[in-house]
Amino acid sequence: MPLLELESVRRFYKQKHTMFSRAAHAPVRAVDGVDFTVEPGETVGLVGESGCGKSTLARIICGLEDPDEGGVRWNGSDVGAMTRAERKTLLHREVQMVFQDPHASLDPRRSIGQSIAEGIITHALLPAAQVERRVQELLAQVGLNPDHAHRYPHEFSGGQLQRIGIARALAVEPKLLVCDEPVSALDISVRAQVLNLLNRLKRELGLSMIFIAHDLDVVQHMSDRIVTMYLGKVVEQGSCDEVYGATAHPYTRALLSAIPRTLAPDERLERVVLEGDPPSPIDPPAGCPFHTRCYTAIDRCATDVPGLLPVPDGAATHRASCHLADQVTVSLIGMVTTVGSSPTPSERNN
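Numbering (the working numbering), first residue to last: 11 to 360.
No lab work stands behind these hints: they were computed from the structure.
A couple of the hints might just be wrong.
Said to hold, decoys possible - Estimated spans, in silico, between C-beta atoms of each pair:
(1) 26 x 327: 15 to 25 Å
(2) 326 x 136: 23 to 33 Å
(3) 135 x 164: 23 to 33 Å
(4) 137 x 292: 49 to 59 Å
Beta carbons are placed, not taken as given, at the ideal position from N, Cα and C, and that holds for glycine.
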């Protein structure tokens with residue numbers, strides 16, 4: 011049984027009226043029909059450009075927002091049917107989030123010990139006399155000095171603050187960690203340390219994770235399975251070997267081709283350069299949402315919405331939402347031939 015299951019989840023946001031316009035506005039389609047699962051002990055990498063719906067989906071998974079349509083099941087239980095008290099005792103304890111900006115996610119008026127202890131006290135997990143000792147154990151677990159529990163956030167570096175955020179998430183003994191760009195705000199020198207910490211905690215504690223990031227090299231390092239989102243929809247999903255070794259959707263291929271690589275000149279990965287900006291989620295295009303920027307699009311793409319179907323001749327778990335999935339499948343491990351616009355020599359040097 012999946013630990014987490016999302017079925018046809020949609021989340022739309024109404025636009026506010028302004029003093030210049032009182033007319034009705036179309037809603038913003040932040041998440042538009044997403045099917046998504048996470049198995050026990052699995053790490054799922056969620057990738058896509060800014061504005062594709064990744065963070066909105068993360069908030070729905072954590073129970074911070076409710077979907078407008080579709081269902082969310084946690085360990086077989088329908089989250090939509092839970093009372094507020096049931097969500098607090100079950101979902102809000104077993105699903106925890108590690109935020110992108112560690113400075114903004116911690117209260118500057120509280121010591122880090124108080125921030126970490128808050129979840130333990132709220133859920134009454136330990137007697138009051140044992141809370142301080144548990145806080146010290148959590149700090150040691152994430153590689154910090156337990157004696158620093160009485161210090162305040164401004165006394166720590168960004169990497170240390172992110173470790174504190176991880177300790178706070180672990181305090182309530184969750185089963186799933188939702189990591190929303192957990193290393194993008196950190197110096198490059200400390201990113202590897204935080205990533206290795208997350209991997210170690212996953213092994214030691216048997217955690218499942220949803221890992222959201224823009225750096226696809228990091229996603230490959232951290233994840234068992236990859237899910238690509240575009241304009242609120244899932245356009246490709248599969249194991250790391252399937253997605254990186256036989257990419258089936260042209261959008262995923264463009265994202266992966268942008269990964270900096272240090273290969274020999276005759277093996278250099280040529281970039282797939284996408285032209286234009288993503289369409290507005292207020293008025294998405296008909297047909298395939300990616301066809302306005304796609305370098306392989308045909309007439310059918312502008313009218314017919316492709317389903318998320320198994321890739322021909324691929325594994326059953328590898329699915330892509332593309333009418334030409336059987337034609338664009340290509341390995342991105344090693345040398346790849348040029349598709350679409352190629353970078354200029356100055357772009358390569360940069």
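Hint-by-hint comparison with the structure:
1. 26 x 327: 15 to 25 Å: violated, 41 Å
2. 326 x 136: 23 to 33 Å: violated, 45 Å
3. 135 x 164: 23 to 33 Å: At roughly 28 Å between Cβ atoms, residue 164 and residue 135 fall inside 23 to 33 Å, so the hint holds.
4. 137 x 292: 49 to 59 Å: holds, 52 Å
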